[in-house]
Amino acid sequence: MTAVAASIAIGLTLLPLFGLIAGALEVDQDPFGVTTGWVEAIAQTSVPQLFGRTMALALVVSTGSILIGGWLAWVEQRGRLTGARWFGTLSLLPLALPSYLLAATLQTTLGPAGWIGRSIGVQQPFDGFWAAAAVLILVTSPYVHLLTGASLARAPAEEEDAARILGASGFRVFRRVTLPRLRPALAFSGLLTALYVISDFGAVATLRCPVLTWRLYQAVDLKRFGDAIALGLPLLAATVPLLLATRAIHGRARPGRIGVANPRPPTLRPISTTSKVATFTIYFVVIGLGVVAPVVSLVGWIIGGVGGAASFVDTLLPIWDTLRLAFLGGTVTLILAGAPAWVAARGGTKRAFWVEQAVYATSAFPGILLAFGLLLLALAGARIFATENAREIYGTLTASGILLMAGYATRFLAEAFASMKTAFLQLDTGQSDSARVLGASFWKRVRYVEFPAVRPGVAAAFVICALAITKELPATLLLSGPMGLRPLSVRIFDRYEDAFLADAGLSGALLTVLALTIVLLTLKWRRFT
Amino acid sequence: MSVRSDKRTHGDNPLEVQGLETRYGQTPILGGIDLSLEEGELIVMLGASGSGKTTLLRAIAGLVTPDSGLIRVGGVDVTRGGLDLVPVERRRVGFVFQDYALFPTMTVSDNIRFGLPPNSSTDRPDEVLKLVGMSAYGNRLPAELSGGQQQRVALARSLAPRPCLLLLDEPFANVDLSRRRSLGRDLRQTLGNEGMSTLMVTHDPDTAMTLADRLAVLVADTSGGTVAQYDRPERIYRQPLSREIAELLGTASFVRATAEGLQATGPLGSVELINESHGAVDLLLRPEDVDFAPGPGPVRVRSASFYGRGYRVSLETPAGEIEADATTADSRTGRVTLRGPLWAIPVT
Numbered sequence: 001m002t003a004v005a006a007s008i009a010i011g012l013t014l015l016p017l018f019g020l021i022a023g024a025l026e027v028d029q030d031p032f033g034v035t036t037g038w039v040e041a042i043a044q045t046s047v048p049q050l051f052g053r054t055m056a057l058a059l060v061v062s063t064g065s066i067l068i069g070g071w072l073a074w075v076e077q078r079g080r081l082t083g084a085r086w087f088g089t090l091s092l093l094p095l096a097l098p099s100y101l102l103a104a105t106l107q108t109t110l111g112p113a114g115w116i117g118r119s120i121g122v123q124q125p126f127d128g129f130w131a132a133a134a135v136l137i138l139v140t141s142p143y144v145h146l147l148t149g150a151s152l153a154r155a156p157a158e159e160e161d162a163a164r165i166l167g168a169s170g171f172r173v174f175r176r177v178t179l180p181r182l183r184p185a186l187a188f189s190g191l192l193t194a195l196y197v198i199s200d201f202g203a204v205a206t207l208r209c210p211v212l213t214w215r216l217y218q219a220v221d222l223k224r225f226g227d228a229i230a231l232g233l234p235l236l237a238a239t240v241p242l243l244l245a246t247r248a249i250h251g252r253a254r255p256g257r258i259g260v261a262n263p264r265p266p267t268l269r270p271i272s273t274t275s276k277v278a279t280f281t282i283y284f285v286v287i288g289l290g291v292v293a294p295v296v297s298l299v300g301w302i303i304g305g306v307g308g309a310a311s312f313v314d315t316l317l318p319i320w321d322t323l324r325l326a327f328l329g330g331t332v333t334l335i336l337a338g339a340p341a342w343v344a345a346r347g348g349t350k351r352a353f354w355v356e357q358a359v360y361a362t363s364a365f366p367g368i369l370l371a372f373g374l375l376l377l378a379l380a381g382a383r384i385f386a387t388e389n390a391r392e393i394y395g396t397l398t399a400s401g402i403l404l405m406a407g408y409a410t411r412f413l414a415e416a417f418a419s420m421k422t423a424f425l426q427l428d429t430g431q432s433d434s435a436r437v438l439g440a441s442f443w444k445r446v447r448y449v450e451f452p453a454v455r456p457g458v459a460a461a462f463v464i465c466a467l468a469i470t471k472e473l474p475a476t477l478l479l480s481g482p483m484g485l486r487p488l489s490v491r492i493f494d495r496y497e498d499a500f501l502a503d504a505g506l507s508g509a510l511l512t513v514l515a516l517t518i519v520l521l522t523l524k525w526r527r528f529t
Numbered sequence: 530m531s532v533r534s535d536k537r538t539h540g541d542n543p544l545e546v547q548g549l550e551t552r553y554g555q556t557p558i559l560g561g562i563d564l565s566l567e568e569g570e571l572i573v574m575l576g577a578s579g580s581g582k583t584t585l586l587r588a589i590a591g592l593v594t595p596d597s598g599l600i601r602v603g604g605v606d607v608t609r610g611g612l613d614l615v616p617v618e619r620r621r622v623g624f625v626f627q628d629y630a631l632f633p634t635m636t637v638s639d640n641i642r643f644g645l646p647p648n649s650s651t652d653r654p655d656e657v658l659k660l661v662g663m664s665a666y667g668n669r670l671p672a673e674l675s676g677g678q679q680q681r682v683a684l685a686r687s688l689a690p691r692p693c694l695l696l697l698d699e700p701f702a703n704v705d706l707s708r709r710r711s712l713g714r715d716l717r718q719t720l721g722n723e724g725m726s727t728l729m730v731t732h733d734p735d736t737a738m739t740l741a742d743r744l745a746v747l748v749a750d751t752s753g754g755t756v757a758q759y760d761r762p763e764r765i766y767r768q769p770l771s772r773e774i775a776e777l778l779g780t781a782s783f784v785r786a787t788a789e790g791l792q793a794t795g796p797l798g799s800v801e802l803i804n805e806s807h808g809a810v811d812l813l814l815r816p817e818d819v820d821f822a823p824g825p826g827p828v829r830v831r832s833a834s835f836y837g838r839g840y841r842v843s844l845e846t847p848a849g850e851i852e853a854d855a856t857t858a859d860s861r862t863g864r865v866t867l868r869g870p871l872w873a874i875p876v877t
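Chains R and S supply the protein sequences, listed in that same order. Each step along the first sequence adds one to the number in the working numbering, with nothing skipped, and position 355 is 355. So the working numbering is basically just the index in the second sequence, starting at one, shifted up by 529.
It should be emphasised that the hints constitute simulated quantities derived from the structure, not laboratory data. Only a predicted model underlies this, so the values are computations on that prediction, with no experimental measurement involved. Backbone N, C-alpha and C define an ideal beta-carbon position, used for all residues, glycine too. Take the hints with a grain of salt, since some may be wrong.
[To be verified] Simulated DEER-style distance windows between Cβ atoms:
1. S/R669 / R/R175: 21 to 31 Å
2. R/R154 / S/S834: 49 to 59 Å
3. R/P125 / S/E673: 51 to 61 Å
4. S/A672 / R/R80: 28 to 38 Å
5. R/R80 / S/P647: 24 to 34 Å
6. S/G721 / R/V285: 52 to 62 Å
7. S/S834 / R/S434: 26 to 36 Å
8. R/L268 / S/G790: 56 to 66 Å
9. R/L268 / S/R829: 52 to 62 Å
10. R/R346 / S/R669: 56 to 66 Å
11. S/S834 / R/R175: 29 to 39 Å
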């Protein structure tokens, strides 16, 4: 079982990487001549600048997210502030929005012609580096907010009380007692944010911020695979160290709680007027730009379209494609995640630990890189196994959907894994044992004891994966085209690019409803675990 | 580091609590607590779980703002009429938490230095570590210590800044029953050496009675917890003001009798009283107040449990069920005599 789990987890990571490496190595034997010339491309194109800009974006966004998310978490967990709970929940909602949708709605809202942009007299269009940074901070700060908040909620409040009783000022308590507890959570969420930014395609493409992922997509779109490889290798090089750092920090032994737990809620302290003003300003900006502005924009686009000539029937068709992909992709991912999750839940062995690490590594690679790697793999396969009619084989492979399913499974293996592992942990061996002592047969045990225990977790895993697939853009964009499908996410991206706002708006609204469902289900599921 | 007010005049009590009330939402927790502590005294507050003991300590420390009442620490009003006048960090109280709340990322020495002003004597950490017998452990991390050692470090940490009052929350909750007695003895000695005025809360009557100079019994009803009796432990054990207090301090049985001055008569015969009473009373019978003679007689042994030195037997008598000590558990019947004088609680 461990072997199966390990091969799935490691195999899925290696497939696209093999593709990339094969593409890079076999430049001279490519019958299409599309993978050739990547060495020259690195020298000719502005790869170093793109790499630098990508890293700068990751740094700016991580810093911003840690400041905003960390501050809000601290105020909500330790301060006495009326309304913090409601505003706090609202400020988490941008989490549900795909980054391309938030980018598109904010671009139309904050640009010179947008309702906010016009009223404050904006001259510049909302795009480029800083626009992308702002959008990505809005999308990622909820992760920091949630992770840091959970860490603060777990930290024993008595330590802070003890420090105060010993005469320490609020700042000293924070610096000496609270911060050391929070450091792992802050570092972990900062690294996750950086990984997210490096992988992001939707926001940077919509806002025309020239970074590796967007340029990579453009190169693939123009069938300039040589240029794409030249961009993919540095993207891979940026991802790997971050990924290793994330895995090293995650689950690192934290200073444990001393003594026996008798948890009391933390002592909430009044906060200064300056801090209150700062906090509500942040809430105002985050909720205003991350929730209100997108909703108003979407509604505006749809209304504008009703007056115009947009064909809504045409817009409703992509839902069918989206649902088909979500169902198929969710099922494939769930099946593949089953064995690793089982091994990790039963775990304890060193091998189970590495399986888990491999699963998380698999899903951390940028979607655009995975998709491109799979394309190159198909190309290499066609070349090796069918030199005669390589072109047809390649066409069949891309049209069959195998590549897209592999892409989804790779990208969302970790999501499915986490939920399924939790579900398998619900299996109480005591209950199985007592069922056995009571004389229940194997099937009776599975039917009445074990299956009911894991069912909600497996269902949740499926829903989470299916909806994540619904939001996914880069892999879908690259790989669903040859299959003749046009799901919602692709539709929004294309239609927005072509300025069919009403059409993009309706698709966006549908997608938002689906995405909000993910967040609600995830939060609800978290309460049980 | 905050500046600590040192306006305390000599002779002020280290702690004075008057009419202290707190609520949690609509639920009253403390319903008017009155308490005063003298210099160098160890007061133990005994109460059942949920009677508001910890809330009282947290209010004194400043972690909970009471709804009304007065708290005075070392002669300084720190809380009055629902307002905190002195913030937590300037109250000059020491607090040993039930879980000790040691800072896990700092060594033992750094934990202790945390509460000391930057320019304070460098000997103080060593001094308090020596006081609790932990001199050799200054460079350890809290996680490397046993539960009992952590507790001593927590004690040293709160003693280091020389607070004028020490608060202890269930200090033996995480310690094995068998070690409580010796740890209690050490604790008393340490506090005595420092001349520390201490308020400790516990739900364990044995700890309470062995350690306390005076005992405050906290009893909660629907309007919150109040101090039902405040006296020397032996006096509360022998002469509790209610049946509930009697039961909090240890095994207690009650038999109904009619009192006439210093004499009471009931189904188990006539007996001398400690307190002058009239009319219907409940006589408090501690196991040592009852002589049980095995053999033929009107009393039936319902159950017996062995506790080492002898048996605790549950007896069915004409006056109801009572608990007594016995040297054997062989006989199923016997007779009892009451050893006066006994304490009479008026029937309300």
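Should the hint that S/S834 and R/S434 are 26 to 36 Å apart at their CB atoms be regarded as holding? 31 Å Cβ-Cβ, so the 26 to 36 Å window holds.
Has the hinted range 49 to 59 Å been met by the Cβ atoms of R/R154 and S/S834? violated, 42 Å
Holds or violated: 29 to 39 Å for the Cβ distance of S/S834 and R/R175? Distance hint for S/S834, R/R175 is violated at roughly 55 Å.
If you check the beta carbons of R/P125 and S/E673, does the distance land in 51 to 61 Å? holds, 60 Å
Mind checking the hinted window 21 to 31 Å against the Cβ distance between S/R669 and R/R175? holds, 23 Å
Please check whether R/L268 and S/G790 have a Cβ separation lying inside 56 to 66 Å. Between R/L268 and S/G790, where Cβ atoms are some 58 Å apart, the hint holds.
Are S/G721 and R/V285 spaced within 52 to 62 Å by their CB atoms? Holds: the Cβ-Cβ distance is about 59 Å, inside 52 to 62 Å.
Is it true that the C-beta distance of R/R346 to S/R669 lies inside 56 to 66 Å, as the hint says? At roughly 36 Å between Cβ atoms, S/R669 and R/R346 fall outside 56 to 66 Å, so the hint is violated.
Is it true that S/A672 and R/R80 lie within 28 to 38 Å of each other by Cβ? holds, 32 Å
CB-CB spacing for S/P647 and R/R80 relative to the 24 to 34 Å hint: Because 30 Å falls inside the window, the suggested range holds.
Taking 52 to 62 Å as the stated bounds, is the beta-carbon spacing between R/L268 and S/R829 within them? holds, 58 Å
Violated hints, listed in ascending order, are 2, 10, 11; each of the other numbered hints is respected by the structure.
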